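**Q** From first to last, the protein sequence lines stand for chains A and B. Residue 110 in the working numbering sits at position 110 of the first sequence; the count goes up by one each step and never skips. Just so we're on the same page, the working numbering is the position in the second sequence counted from 1, plus 202.
Keep in mind that the hints were calculated from the coordinates and are not lab data. Small disclaimer: the values here were computed from a predicted structure and weren't measured. Every residue, glycine too, gets a C-beta built ideally from N, C-alpha and C.
Incomplete in silico selection of chain A near chain B, CB under 10 Å:
hint	residue
1	V98
2	E162
3	A175
4	A191
Computed far set for chain B versus chain A, every beta-carbon distance over 10 Å:
hint	residue
5	A276
6	G305
7	R308
8	L323
9	W335
10	Y375
11	P383
12	T385
13	W386
14	L416
Chain B regions said to be covered by chain A (calculated; three or more residues, Cβ under 8 Å):
hint	stretch
15	424-436
16	440-449
Listed here are the chains, written in short residue letters.
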Amino acid sequence: MWSRRQFPAIAALAVMFVLPRVSAARAAEPREFVRDVGDQLVNVINGPGGFAEKRAQLQRIVDRAVDVDGIARFCLGRFWRLATPQQQQDYVALFHQVLLNSIAGHLGEYKGVHYVLGRTTPHDDLTWVSTTISRPNNPDADVEWVISMTGGSPKIEDLVVEGVSLRLTQRSDYASYLQHNGNSVQALLDAMRRMLANQKQG
Amino acid sequence: MPRPNPLLSLLVPLACLMALTGCAPRPPANDKDAVADYKQTNDPLEPTNRVMYKINNGLDAVTLKPAAEAYRYAVPEVARESIHNALLNLSYPTVFFNDVAEGKPRRAGDTFMRFIINSTLGVGGLFDVAKHWGYVNHDADFGLTLALYGVPEGPYLYVPILGPSDPRDLAGYGVDVVDWPFTWIGNGTTVYALEWSYYAMVAIDTRERVLDSLDQVQKTALDPYATIRSLYRQHRQSQLEAIRNDQRATVPAWFPAPTTQSE
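Only chain A is shown next, with the shape it has when bound in the complex (with noise of 0.2 Å):
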């Protein structure tokens, strides 16, 4: 048992040591996973390999950091609760594939890229993690990281590039499809199965 001298000494302690690295930890995590994936995205963009390659590991870094199923259920809005249980598989399963190749889509232009960390900033239960990404020949862009805590890791929501967010803008495409197609999610899913096909043939 502590005396009773010993205890105010402990809990100066506590407070010293425990409680700053408890709310360092908190604000820390985001930033230190954005830069962690920040710093493996770099390493595939301007690693060696060929497309095929990079591509795949791609795919595992977007898996392990990206939340892309919440994203895929954010994109199709009111729409999710319209969809059978097998369109919705169907979608999440596609869009994960879209997600893929539009970011791998971008890896040539993205040559020599490196970025710089900015500020942290709480938006509701989201972080927001400002970097500034730098590649040759273009001026520098400002990109902010949605990070989400809420499934226990970080994960990245949305990524938000010189005041755009990818997901509402990916949104208001499929919204705007849908409303000009009978509100109907499987002429959907056959758009994103067309457009899959032609990326692959192009």
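Given the structure of chain A, go ahead and fit chain B onto it with the hints provided.
**A** Only chain B this time, still in chain A's reference frame:
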């Protein structure tokens, strides 16, 4: 009486044409989700806008796009950057006017210094010297100024040649043509030719800078029209936020400021 600006004389008949063509049907009131979508999209002129978008794309494919591609092919990156800087520099009187109208003295100061430094040391604006001295480029136009005054953007408009817009930004564009001092300088064929070359160069430069991203949108979006609409609105919103959040104190950092002054 001053001669009307070439762009304005083009835009007025176009605006009339747009007013004459169709509107998107409002969804029935009992379909709440559809009504919410309709309101959020805020594009009641969508059928007309889509026609304009198509016409514009058709024109673009045979005019501006090949011109921008040729420009990229023929002129090296470094030279294009310098031309871009020079065009930007010529627009600073307008940017300055809007910085002042927005009540943002630090931004006005930045623009003023950029114009002075880049016009002289930067050899007529070809080199962005001011950037390295802490005077970074920023956006300002009368559409954004009106937004800061609380004028709503209004319904989405797709305007031929100018592209995505809305009544507020279109009116802003008209005002900026008028508040650009070079609109009022001199008369005669040479001035006229220079003015047109300036607008043509701005168009080619702007198009060249979005060649890749626009290609990407047209290749990967299921509905490129809607994607561009969303991109335009988000971009304008972020420009507006940037102005709103720029709360730098008016007294520069090097000035022996009173202790109460905080950055």
